[in-house]
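Visitor: Input sequences plus hints: build the corresponding full structure.
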Amino acid sequence: MLQTLAGVNLAGHSVQGGMALPPPPHGHEGADGDGRKQDIGDILHQIMTITDQSLDEAQAKKHALNCHRMKPALFSVLCEIKEKTGLSIRGAQEEDPPDPQLMRLDNMLLAEGVSGPEKGGGSAAAAAAAAASGGSSDNSIEHSDYRAKLTQIRQIYHTELEKYEQACNEFTTHVMNLLREQSRTRPISPKEIERMVGIIHRKFSSIQMQLKQSTCEAVMILRSRFLDARRKRRNFSKQATEILNEYFYSHLSNPYPSEEAKEELAKKCSITVSQVSNWFGNKRIRYKKNIGKFQEEANLYAAKTAVTAAHAVAAAVQNNQTNSPTTPNSGSSGSFNLPNSGDMFMNMQSLNGDSYQGSQVGANVQSQVDTLRHVINQTGGYSDGLGGNSLYSPHNLNANGGWQDATTPSSVTSPTEGPGSVHSDTSN
DNA sequence: CTTCATGATTGCTT
DNA sequence: AAGCAATCATGAAG
Numbered sequence: 001m002l003q004t005l006a007g008v009n010l011a012g013h014s015v016q017g018g019m020a021l022p023p024p025p026h027g028h029e030g031a032d033g034d035g036r037k038q039d040i041g042d043i044l045h046q047i048m049t050i051t052d053q054s055l056d057e058a059q060a061k062k063h064a065l066n067c068h069r070m071k072p073a074l075f076s077v078l079c080e081i082k083e084k085t086g087l088s089i090r091g092a093q094e095e096d097p098p099d100p101q102l103m104r105l106d107n108m109l110l111a112e113g114v115s116g117p118e119k120g121g122g123s124a125a126a127a128a129a130a131a132a133s134g135g136s137s138d139n140s141i142e143h144s145d146y147r148a149k150l151t152q153i154r155q156i157y158h159t160e161l162e163k164y165e166q167a168c169n170e171f172t173t174h175v176m177n178l179l180r181e182q183s184r185t186r187p188i189s190p191k192e193i194e195r196m197v198g199i200i201h202r203k204f205s206s207i208q209m210q211l212k213q214s215t216c217e218a219v220m221i222l223r224s225r226f227l228d229a230r231r232k233r234r235n236f237s238k239q240a241t242e243i244l245n246e247y248f249y250s251h252l253s254n255p256y257p258s259e260e261a262k263e264e265l266a267k268k269c270s271i272t273v274s275q276v277s278n279w280f281g282n283k284r285i286r287y288k289k290n291i292g293k294f295q296e297e298a299n300l301y302a303a304k305t306a307v308t309a310a311h312a313v314a315a316a317v318q319n320n321q322t323n324s325p326t327t328p329n330s331g332s333s334g335s336f337n338l339p340n341s342g343d344m345f346m347n348m349q350s351l352n353g354d355s356y357q358g359s360q361v362g363a364n365v366q367s368q369v370d371t372l373r374h375v376i377n378q379t380g381g382y383s384d385g386l387g388g389n390s391l392y393s394p395h396n397l398n399a400n401g402g403w404q405d406a407t408t409p410s411s412v413t414s415p416t417e418g419p420g421s422v423h424s425d426t427s428n
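Read in order, the letters of the first sequence are residues 1 to 428 in UniProt numbering.
Just so you know, the hints here were simulated from the structure itself, not pulled from any lab data.
From the three backbone atoms N, C-alpha and C, an ideal C-beta is built for every residue, glycine too.
Keep in mind that the hints are not guaranteed to be accurate.
[What the hints assert, rightly or not] Quick list of the computed label-pair ranges, beta carbon to beta carbon: (1) LEU102 / GLY281: 45 to 51 Å; (2) ARG234 / VAL175: 54 to 60 Å; (3) GLU259 / ALA111: 32 to 38 Å; (4) LEU161 / SER274: 35 to 41 Å.
[Claimed, not checked] For lysine to any residue, the following SDA-like pairs were computed, each having C-alpha atoms within a straight-line distance of at most 25 Å: (5) LYS149 / LYS163; (6) LYS149 / ASN107; (7) LYS304 / TYR287; (8) LYS304 / GLU260; (9) LYS82 / THR185; (10) LYS82 / GLN182; (11) LYS304 / GLN239; (12) LYS268 / ASN299; (13) LYS289 / SER258; (14) LYS267 / ILE285; (15) LYS203 / TYR157; (16) LYS84 / ASP42; (17) LYS267 / GLU246.
Guide: In structure tokens form, the structure reads like this:
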């Protein structure tokens, strides 16, 4: 049987054996070949003429052919011929080598937290991105903004991806059903169906790649905007600068806000703690470099807080004399405590000649004293042999330029320079 | 445009 | 890790 069929010369194609054909329904091993040839010739003729016939006729013939005992064998042969003639695309289906571009996109989406695990991935990647972009761990405003946008992108991506997958599956099933259906009437091998499925999947994956690509672009744009926003320097609001300056000049003897104080300042100024730190860092160094330049500013802020300072000092003194030293000022008492008390004591002495009793007064009082001193000096109330200007000198800067309190009066009497001296700031 | 002010960054020290 | 010093880069004023 096999030999017989394999030997058939159909439409000029010599069919080689080797393909496993299903056994015919009523196969007899030793049947005569001529009768079979005739049989097959009939069938082929019917097939060839089937298109010339009316639909009903054809339908009837088709049914007859389907039921013919030779049908499975013939079907296999036709399939094989189809394969050989290259009707089905070969080569297109070489195990798709992992597309490097696709891999790149996948990696990036994974790194950005768009694809990958749902919860931790996104925020972790956002945090990593933010951290990598330069900085501190507390820029929560930009963070949440960035994260929100990234989540949005992520959601769109996943929705679209799901849609594509669903469509792909639906379409594949549909095509497979169609082909299976058609395989009853035309030579379609399961292999070919498989190939078709492969083609469909490739088409859809190319669409997916486009989706991934545009998602990547969106993330890149978001990131660049995010980074730009961080890189671009924006001046703080006037109010914020005022608050910071007030703090700085009222804590001039020790302008190192504690973590708590920084947080409070940050909250008040609507900036981050690290921005507060930056600001104080810049301020200290610039103040130290050119005290003269900041004289006016110092006076301004000193005057501004003079009234409250006076009240605070009075209250503190009263408190100290009667009660325990409560702190009328904001809760920054811990940070500038003991090292300054001596300094303050000294300052007070040098200011008014009085021996200040309250050596244990809290540091907040010290800060008020700083403020007061400026005001007093500005009004020219005390010349005191020190010279009015020297009061502005960096009495609280030691010889090394540090802000550590000098415990000897030398720091007061030997200012590095007068207010009039002009310093070039930085050599920009 | 230039110049100055100022927030941010970097490399180093303590 | 906090702070200092130098520097960068941009905003604002002239």
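Visitor: Does the structure keep LYS304 and TYR287 at a Cα separation of 25 Å or less?
Guide: holds (19 Å)
Visitor: Does the structure keep LYS149 and LYS163 at a Cα separation of 25 Å or less?
Guide: holds (21 Å)
Visitor: Can you confirm whether the C-alpha distance between LYS84 and ASP42 stays at or below 25 Å?
Guide: Distance of about 24 Å is within 25 Å: holds.
Visitor: Decide if the proposed pair is consistent with the structure: LYS82 and THR185, CA atoms, cutoff 25 Å inclusive.
Guide: holds (14 Å)
Visitor: Can you let me know if the beta-carbon spacing of LEU102 and GLY281 is within 45 to 51 Å?
Guide: holds (47 Å)
Visitor: Determine whether the Cβ-Cβ distance between GLU259 and ALA111 falls within the hinted range of 32 to 38 Å.
Guide: With a Cβ separation near 33 Å, GLU259 and ALA111 satisfy 32 to 38 Å, so the hint holds.
Visitor: Between LYS304 and GLU260, does the CA-CA distance stay at or below 25 Å?
Guide: Holds. LYS304 to GLU260 sits at ~24 Å (cutoff 25 Å).
Visitor: Given the hint that LYS203 pairs with TYR157, test it: the Cα-Cα distance must not exceed 25 Å.
Guide: Roughly 18 Å between the alpha carbons, so the hint for LYS203 and TYR157 holds.
Visitor: So if I understand the rule, the pair passes when the alpha-carbon distance is 25 Å or less; does LYS82 with GLN182 pass?
Guide: holds (15 Å)
Visitor: Hint check: LYS304 vs GLN239, CA-CA at most 25 Å. Holds or violated?
Guide: Answer holds: LYS304 to GLN239 is near 14 Å, not above 25 Å.
Visitor: Between LYS267 and GLU246, does the CA-CA distance stay at or below 25 Å?
Guide: Judged against 25 Å, a Cα distance of about 15 Å means the pair holds.
Visitor: Given the hint that LYS289 pairs with SER258, test it: the Cα-Cα distance must not exceed 25 Å.
Guide: holds (23 Å)
In this structure, every one of the numbered hints holds.
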